[in-house]
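> The chain contents come next:
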Amino acid sequence: MILIIGGSFQGKLDFAKARFGLTEGDVFICDEGTSALDTSRKGVAYIEKWALNRVQAGADPMEALPALREDAVVIATDISSGVVPIDPVLRLWREACGRINAHLAARSDEVWRLFCGLPQRLK
Amino acid sequence: MSTYISGGCKNGKSLWAQRIAKACGQPLYYVATMLPHDGEDEARIRRHRAERAGWGFITIERGRDILGALEGADPSGAFLLDSVTALLANEMFDGNGVRLDAPAKVADELTEFIRRAPSAVLVSDYIFSDAALYDALTEAYRRGLARIDRHLAAACDNVLEASAGLLTVHKGALPL
Chain A
1 MILIIGGSFQ GKLDFAKARF GLTEGDVFIC DEGTSALDTS RKGVAYIEKW ALNRVQAGAD
61 PMEALPALRE DAVVIATDIS SGVVPIDPVL RLWREACGRI NAHLAARSDE VWRLFCGLPQ
121 RLK
Chain B
1 MSTYISGGCK NGKSLWAQRI AKACGQPLYY VATMLPHDGE DEARIRRHRA ERAGWGFITI
61 ERGRDILGAL EGADPSGAFL LDSVTALLAN EMFDGNGVRL DAPAKVADEL TEFIRRAPSA
121 VLVSDYIFSD AALYDALTEA YRRGLARIDR HLAAACDNVL EASAGLLTVH KGALPL
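For the protein sequence lines, the chains are A and B, in the order given.
Each residue of the first sequence is one higher than the last, beginning at 1 in the numbering used here.
Each residue of the second sequence is one higher than the last, beginning at 1 in the numbering used here.
Next comes chain B alone, as it looks inside the complex (with noise of 0.2 Å):
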């Protein structure tokens, strides 16, 4: 039972993921792509890791070659991958120049992340419905990203909206 969620910021994706993986079996793996560039984002990382203490979490990193997080994995288990976001901006913009070809792969390895691992969560973004006009760089980027989501609201069972803490489920259901 694989789940996609995406919204806005701080509108509870991260909780509603982790609620669902823990209903979703054992182990329970929480797959952290966000590779730290500052201070601030190991604050970040610092405030989700108290987030999620006392769920029984086992943290995978890994901001690139997703696959390689189930490596040494238990793939019965129940995992969450936070955030698709931050895996395409990793594997996009890897400091030797833009990968444009980052997206297909993104999609085409989460697509199979999903079928070794069919009880996983993927929590993405919702960064579309806003009146700036981007350069190309950051419009591909987002193109991106909504070809991975519609690839991956394709090939999984749930497909849910955060809003203000609230879920609109798109597709199948809630499975809590």
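Isolated chain A, as found in the complex (with noise of 0.2 Å):
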């Protein structure tokens, strides 16, 4: 599995693209009403996303997570490093998408971080 992450528009999805030869129709690309991921696809965009519809449901995307590809490329946008928001679902929101992206960052084979449209390799 490869994980990359990063901030909002910060190139990850054409880094994914250009590095790892994936087409647009390989990439699911979550949005606000993606409740289930498509798991058959390699790519899978914005996992961000598909948490906040999670918690907006009352369920621990942790928990709802579903087994990806062995061979994924998964992009996680960086949502921790803002205020406590006074929200709590989007307290529950960015507490889950760190669990996660530390998950699936122990099970990835490549971590990669996005910066003004750079790639950084930290795994």
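Hints in this document: simulated from the structure, not taken from any laboratory.
Among the clues, some could well be false.
Claimed, not checked - Derived pair list, reagent style DSS-like, types lysine-lysine, alpha-carbon separation capped at 27 Å:
no., chain 1, residue 1, chain 2, residue 2
1, B, K171, B, K105
2, B, K171, A, K123
3, A, K17, A, K123
4, B, K22, B, K10
5, B, K22, A, K17
As the list claims (entries may be wrong) - Some chain B residues judged to face chain A by a derived CB distance under 8 Å, without partners named:
no., residue
6, Y126
7, A154
8, A155
No residue lacks a Cβ here, since even glycine has one placed at the ideal position from N, Cα and C.
Hey, can you piece these two chains together into the complex? The hints should help.
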């Protein structure tokens, strides 16, 4: 598995496509309405949006996280570095995303962080 | 030798930028992009001026149409531009509504800026890793700033991230 993290709009998806040869069709793009991940596809982008959907539905994203492909390329926006949100749902979201990222990073062969479009290999 | 430096608030970006600019050549220019809106801004500007005192900077105040900062200046000098963030805010929210084409304008003009004045140090702000859900306008601003960051990171020789006063080199080297 490969994990690509970084702040919003830093070039994570562009990097995933260029470095790991993913096409548009290879990548499942999560949005606010994503209640289930499509684990048949190699790329899973913006897993934090799926996590927000789950938290809003009262579920724990860590428990709900399905098994991903061994060759999966997962893109996760890092939302960990702001003020603790006043909204309790956003607080749960923020913590769940931190746990998910650490969990996925521990199982990944490569972990990358994107900054201003530039990749830095963390693992 | 152009340098792009970003990072979180109060992590040492400006001080590193001053050191790098001073090592880049003479004359030494400080391009201040903040347009003060209230007493808090004026106090911030006074504090920044005091921090720069004795460094030998010639201050150029330019909040919009940034290429105008080079008029009458020696382009072989060192230019510290602080900050890209304020420049985009001025261009995007100019009092006559929102200009959604401002990020493309600022990216193009800053690219031209470093072409004309290659010893430039540009300071931006990393505002992309929090758990807030922003309104569409704020998201457009964040997306626009990231677009400029990525465009200029590709164009500059060095790209640095400041964290707790320390630097990570993402591209090139620390030019000191």
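> Could you tell me which of the hints above the structure violates, numbers in ascending order?
5, 8
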